[in-house]
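Protein chains in written order, with the numbering used here: chain G, 1 to 476; chain C, 1 to 476; chain H, 1 to 476; chain R, 1 to 476.
Since the hints were made in silico from the structure, they are not lab data. From a predicted model like this one, the values you see are computed outputs, not experimental measurements. A hint or two may mislead.
Since the list gives no way to pick out one identical chain from another, each pair is judged satisfied if it fits inside one copy or across any two copies.
Derived BS3-like pairs: lysine-lysine, alpha-carbon spacing no greater than 27 Å straight-line [what the hints assert, rightly or not]:
hint: 1; residue 1: Lys125; residue 2: Lys153
hint: 2; residue 1: Lys273; residue 2: Lys315
hint: 3; residue 1: Lys471; residue 2: Lys273
hint: 4; residue 1: Lys464; residue 2: Lys405
hint: 5; residue 1: Lys125; residue 2: Lys471
hint: 6; residue 1: Lys471; residue 2: Lys405
hint: 7; residue 1: Lys372; residue 2: Lys273
hint: 8; residue 1: Lys471; residue 2: Lys315
hint: 9; residue 1: Lys125; residue 2: Lys372
hint: 10; residue 1: Lys315; residue 2: Lys464
hint: 11; residue 1: Lys471; residue 2: Lys372
hint: 12; residue 1: Lys153; residue 2: Lys273
Number of protein chains: 4
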Amino acid sequence: MPLRTADEYRAGLVDGRRLHYQGQLVPDINAVADLRVAVDHAAIDFDLAQDPGHRDLAVTVDPDTGAEYNAGYRIPRNAEDVMARSNLIEAGTAAGGTVVTLIHEIGTDGLFALLRVLEGEAREKAEAYYRHCRDGDLALAVAQTDVKGDRSKAPHQQADPDLYVRVVDRSDEGIVVRGAKCHTTSSANGDEIIVFPTRAMGPDDADYAVSFAVPANADGLSLYVSGYGGGGGGHDAFDHPVSSRHKLLETLTVFDDVFVPWERVFLCQEPEKAGALALTFVEYHRFTAVSYKLPLVDAFVGAAAQIAEMNGVMKAGHIRDKLTHLVAYAETVRALTESAALRSRIGEHGIAYPDPMTTNMAKFTFASGFYKAVEWLQDIAGGLLVTGPSGADWDSTEIRPVLEKYYAGASPAPERLAMMNLISDLTARDLGGYHAVLAVHAEGSLEAEKLQMLRSYTANHAPKAIAYARKLAGLD
Amino acid sequence: MPLRTADEYRAGLVDGRRLHYQGQLVPDINAVADLRVAVDHAAIDFDLAQDPGHRDLAVTVDPDTGAEYNAGYRIPRNAEDVMARSNLIEAGTAAGGTVVTLIHEIGTDGLFALLRVLEGEAREKAEAYYRHCRDGDLALAVAQTDVKGDRSKAPHQQADPDLYVRVVDRSDEGIVVRGAKCHTTSSANGDEIIVFPTRAMGPDDADYAVSFAVPANADGLSLYVSGYGGGGGGHDAFDHPVSSRHKLLETLTVFDDVFVPWERVFLCQEPEKAGALALTFVEYHRFTAVSYKLPLVDAFVGAAAQIAEMNGVMKAGHIRDKLTHLVAYAETVRALTESAALRSRIGEHGIAYPDPMTTNMAKFTFASGFYKAVEWLQDIAGGLLVTGPSGADWDSTEIRPVLEKYYAGASPAPERLAMMNLISDLTARDLGGYHAVLAVHAEGSLEAEKLQMLRSYTANHAPKAIAYARKLAGLD
Amino acid sequence: MPLRTADEYRAGLVDGRRLHYQGQLVPDINAVADLRVAVDHAAIDFDLAQDPGHRDLAVTVDPDTGAEYNAGYRIPRNAEDVMARSNLIEAGTAAGGTVVTLIHEIGTDGLFALLRVLEGEAREKAEAYYRHCRDGDLALAVAQTDVKGDRSKAPHQQADPDLYVRVVDRSDEGIVVRGAKCHTTSSANGDEIIVFPTRAMGPDDADYAVSFAVPANADGLSLYVSGYGGGGGGHDAFDHPVSSRHKLLETLTVFDDVFVPWERVFLCQEPEKAGALALTFVEYHRFTAVSYKLPLVDAFVGAAAQIAEMNGVMKAGHIRDKLTHLVAYAETVRALTESAALRSRIGEHGIAYPDPMTTNMAKFTFASGFYKAVEWLQDIAGGLLVTGPSGADWDSTEIRPVLEKYYAGASPAPERLAMMNLISDLTARDLGGYHAVLAVHAEGSLEAEKLQMLRSYTANHAPKAIAYARKLAGLD
Amino acid sequence: MPLRTADEYRAGLVDGRRLHYQGQLVPDINAVADLRVAVDHAAIDFDLAQDPGHRDLAVTVDPDTGAEYNAGYRIPRNAEDVMARSNLIEAGTAAGGTVVTLIHEIGTDGLFALLRVLEGEAREKAEAYYRHCRDGDLALAVAQTDVKGDRSKAPHQQADPDLYVRVVDRSDEGIVVRGAKCHTTSSANGDEIIVFPTRAMGPDDADYAVSFAVPANADGLSLYVSGYGGGGGGHDAFDHPVSSRHKLLETLTVFDDVFVPWERVFLCQEPEKAGALALTFVEYHRFTAVSYKLPLVDAFVGAAAQIAEMNGVMKAGHIRDKLTHLVAYAETVRALTESAALRSRIGEHGIAYPDPMTTNMAKFTFASGFYKAVEWLQDIAGGLLVTGPSGADWDSTEIRPVLEKYYAGASPAPERLAMMNLISDLTARDLGGYHAVLAVHAEGSLEAEKLQMLRSYTANHAPKAIAYARKLAGLD
């Protein structure tokens, strides 16, 4: 099958899935304005692959068959592949207005994890599934985070056993699963959902050690789209220049006794492998994350430099200081992302992966510095971020001249307001809240990143540092 | 005139003022749902004065006449008065759901500044105006920040001379002013607007050194309400528990050759006094600010403690660490605010004012730590802040049982979602953006606060510290 | 007995105690130059009480007998007493060149804890001991921190049972104790040593739940003075203007089967009271700590302002910014210290104590900001801090003219070098290291301070904040 | 001439130079214990070149002549050369116990700058001088920082015209220079001193725009060695494990009418080139700096991990958190240093240089995080850093058993005390102060680094970020 077009992708989403939004069942996602924004946003990924200017980056060829497929599916074999993957993700996100498209990225992160961690028959199933997705140019979601209930308790200790997705039955044909995942991105507008365990599992949690894939219209599967951020469909492009066009959908993903045939079951009641699978996926996905954060931090720096000029404050010492800090923040994230790629390691089955310590450093640097970056940007921009005119004001022939007169800075009002609205959209409205919460929670929390940094450092780097300290201390 | 009721206040706003919102002229502010939320919010201030539980705090008596008036108008004479004023502002803001009502606070900050800085006839006019406002129990706005144009240039250097409000004519009857102020809070729903110069002015900017008061329906005055945050009128109380009920209105406040009679002109073309007036107002207003931030920081700590319990993570070391940092942040702001009051000084005409260095320290501590506080709170709460269900989902009899089952934590889902939505509203939606931008820009920027801290320290404290350092160094 | 003179104090230290320094047994502490510096430093406390300019602060009168005694011994009954105590400690430390004298402060912190926590006979013994110390105008040390061995293990779990001080025998006459305390300040140059348990103890650690007092020359007691910082005796006053004159002595304090008569035993094998005693002492002592940090932070600000002037850089924006941050740091510590006193509470037996939450906030603010403050100060001062001339260079008639010519700044070289050397001594030499390590470890670690803040907040303030958050969320 | 031995280097320093230390003229640097430590430290560099295990890194071959020379002199032509240079500097510093040897590094930084910036005859002289140094395997110092006097004034505005080194006479044979440089490292124990202007110069400062080289024993040149840090010669290896063996010498370097022949004059009264020369040197030197900081940050992490184990606290959450932050700090500096090398650019005359933005980011990350890193390390280690025993105590046969008993942790006392003393030496004693002050002042201040980051970003990266922001805002 050739690369799909954006319209083919859109059409494929009308498949009878049980999708809910704002309290209603949605028969056709393309027909609901808010949701359509997200579909169109994701469709950018298909458009890029058709775009001559991006084909080199976005399309690759199967050496065995000569068939073209989306480069997001390319299994990385070396540092160059990992770097190219980062560049592709960055380019797609840049086209997505700082919002990742995430219909190939997260799914392939998951596929690479399956292909690395699994062995034997399980791996063969993963390979078959990988080819199915790749050759069908499918849009993929990964459902990993369980709703979790009382977080101080293990899955089997919960009052309600369904708070982590679990196997409730198995037969010769397959398994039946029940429970719910949350924060599932791109499920509403994806073709397939790959399910991963959320963490390492002990023997008592064997039923929760399950990984499989289902189509988004599987029987018993219900998707509840979050109402957060209202919808681009209702946003004015004047004061929501990004979020009126770009949006991700997050679902509560409920498995109400969903049957999964064995060919799509990758892990079933094998708790000893749950941790490796969960972690391997996350490590790929954190690298995806830092790659897709680059357009956002670039936009911060560019917007800060622009609004400083437009306000006429670029020569103020404290403005330059804050701008410099923004530069250092953005470029440290970029340099660490590059380093993570250049230091790639070769894992099981010859599949490359970005260096975990450096990947986690990049992600942690991004996440732990994000709020301060927002502060610098808002500080440079000014209070107009939250007191400016609306699109309806701007459209009024009586009001616009007033706004043009009084909102002129060192640049004319239209430019200054446009830049102000960009910053407001990215940092001080719902999209800003979304970016911020994602910074500390998506792809693993700050604590998870710290844990992995220390773990990876301890395994690979600590012996040298400790030996050096001991030598300096006169020991050994 | 007795204390007004909330309904009297509401009725008084329908006075022919030229109010614009969302591209439309608004004849009756009470009739537009979004704006009505703000009116009802401000009305809390009047309700408090009628509430037996708050009268001690909110109502005071004129010792000369025995007449009651709103305690916000009480001229502070000592540290106790300053502390009481802080407590009143805090109580009003607590009732306002972390949003200050700001119809007495900012105006009296301005009146106290006029009463302290002015002398002779000007001061008599200010006193008369003070009594007019106090005895009429009026709702006041202060318009200080000019739109400013190119900030690298002085008012008279701007390409358009109207970018700072200025005197364009004067006669025996009064003056005519032109220009625009921005970020004017409570003008749309206030009775009077007091205008202050935005900063110190040089001789070339004499026309810009002007301070006066006008009613909100003055001829030539137009108010353009910002569309930011949409409006509480359109927000669901489920996922916007605060912003659906509490809101401030900010206007672009345009003076299109507005005539002001001399009795309401406090400063006219006297640049040498502009700085003192601007600064004295701001110093009072920063103290108002830290007083009204206290409910917000309390809500952060309380919500963090609650959601940690509800998520079942209270025993995690890193959660307790972040909670402790939130406590230290909130309580340092509170302690410094108290200290600023207790260290009050007596200024001109026997009017007390909070210690400027300590006030600025309190405000700077609040502002410079705010984004980090948001990060801690969002980190503790979780990704559900931006992926949760909408009010329409919650209202659906089919969907709610699913949400109740799967969003239960260590507490039932209704409680947990309510707390999650509170945190989301305060930090990750438009109100959150508003709170954040206000933290660094309202009542003076971070840089302005630092400047005042150093200035006040240098004047009052540096000599002792320098003498001590020199003694230690063996000098002197 | 009247107030003692400094010489009486010095003479009293030659009492046969087993004092070791630099590998040698020291028969007379006054005869060893390095140690004599510390004795003379402590003697400042006696001189102050004799100084007419300080008597109001430093001397008080027993209302029962009319006898004068050192005000450090005054049992605080209200907030004013607590504030006065803070002022006395600050004044003594200022006279001590930023180094607390600590011969009355820590001991009375301990005595107040004993007088509050103990009951019945034990409290009578504590009262008698209090009068003994007060009326004898004795210099007191407190030995609390055990050497602790493997910190992951409880006292009784240690490989060597002596790693916490413990009771090894008891008889009708008293008890016998063995073990060692470390970081004991002022034991080498104190008259009495009061021993506290280092923390709460469980039932298995009953033998370690012991509190008592012994004279510094008790049989079996050995004091090993740390060699850290060399000694003021060897420092040139040119490049060590403070540490050549002011110094504390820290000992490893070894109890080798020391007999303690019952009248000096305050707690013996009562593990249930160990925690309260340890904590109550520490809470007083943290307040002492923040009080004695004030001269140090003042010196930082004063020295920063001076060296900026002397270098000719006071007008640079980044210098003013750093100076402002130093001011905010110093004055926040001061304001919180004052608040802790003003918010004093009344404890058992009517004895007042500073508010624990605020005290811990003050201490934590000091400690967690200290290194950044050092950075700002060193940044403002310049590299000359570690590349400047020695006292011998300065004393050379050939070299001094060269130094005077080339080290002139905006001020003459002698002033600039004096200020530079002060900063170097306080931050970049051994005394600087001592100040820094004490910031994070003395009187409890950063973690201990955070624990107490949260604990105190939870007990006293959290209910209100939580109720407010719940109300905002629509719960309750 | 072959590679010199350490002894040849030592012998070469006895050349009649006017060296002063502690108020005395020093005829033979090798004969003064304190200074000898620094000579022996620098000699490590020569030993490394003789060491079979390091020859690959430390020795290279002239492709023209086949002669071997120290690899520090290799002119970088590409990213690999720059990376190799970083590795060599790191290895030399690791051998130097975290203290850079700095007898080849800084001098070649200067030589590369001369070879890049100069043209024509001046460049030929620089080339000849380069060969002279390289072929003689000379130890080089660079004197750049002038004493500067009042920093608010330009060189020619100073009250004393000699506060920046200047040309006072010129003739056919050469020039005569007068003035003083400070913070000159390795001049006392170097063979040659290369002089650079300290900054860009305006036309009025033409006489100060001078660059040249002189041998350390030039007539009229006097070197005044700083007394800071006392000397390794007086330090016990027990409690000063590093500083008793490793030390740099800093001099006040006075040119009292020193004659310089034209062949050694690289820039004379050409103010327009002063800035480029100063900056180019500094950019190389900052890369040298971050390369030589790597062993120090490694030692911090290694020592922190070790002392945590030895104290028995490795499992405490807050300890792991601090250790993780130390890891992130150290490894971010390392990753940025590598990135700076890998992103090397090719400058004038085909000479490569590390990417300036990335170099400055690496240096700024190191410098701005250093004090916090010290805090983490000291926090993990404990108060024993400044209350521990001295070498004399340890050597005492009576005292050592007491120390061994009571300072045992989870590891025996000898190991724990050795590690504690290492940390104390690196952070809490004079060497610690030296490391800290160097972090913020050596090779350019924090402000200089920020300036260069922004400048380099603006030139190379800003256009892309700005274009992206404008596109997102709907502009262009």
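Each hint, compared with the structure:
1. Lys125 <-> Lys153: The answer is neither: 33 Å in one copy and 50 Å across copies each exceed 27 Å.
2. Lys273 <-> Lys315: Answer is between: at 25 Å across copies they meet the 27 Å cutoff, but 57 Å inside does not.
3. Lys471 <-> Lys273: neither (39 Å within a copy, 45 Å between copies)
4. Lys464 <-> Lys405: For Lys464 and Lys405, the Cα distance exceeds 27 Å both inside one copy (64 Å) and across copies (30 Å).
5. Lys125 <-> Lys471: neither (51 Å within a copy, 44 Å between copies)
6. Lys471 <-> Lys405: Classified as between: cross-chain Cα gap 24 Å, same-chain 70 Å, threshold 27 Å.
7. Lys372 <-> Lys273: Neither way: Lys372 and Lys273 sit 38 Å apart in one copy and 37 Å across, limit 27 Å.
8. Lys471 <-> Lys315: For Lys471 and Lys315, the Cα distance is within 27 Å only across copies (24 Å; inside one copy 50 Å).
9. Lys125 <-> Lys372: For Lys125 and Lys372, the Cα distance exceeds 27 Å both inside one copy (45 Å) and across copies (46 Å).
10. Lys315 <-> Lys464: between (46 Å within a copy, 21 Å between copies)
11. Lys471 <-> Lys372: This pair counts as between: shortest inter-copy Cα distance 24 Å, intra-copy 39 Å.
12. Lys153 <-> Lys273: Only inside one copy: Lys153 and Lys273 sit 20 Å apart there, 34 Å across copies, limit 27 Å.
Going through the hint list in order, the structure does not satisfy hints 1, 3, 4, 5, 7 and 9.
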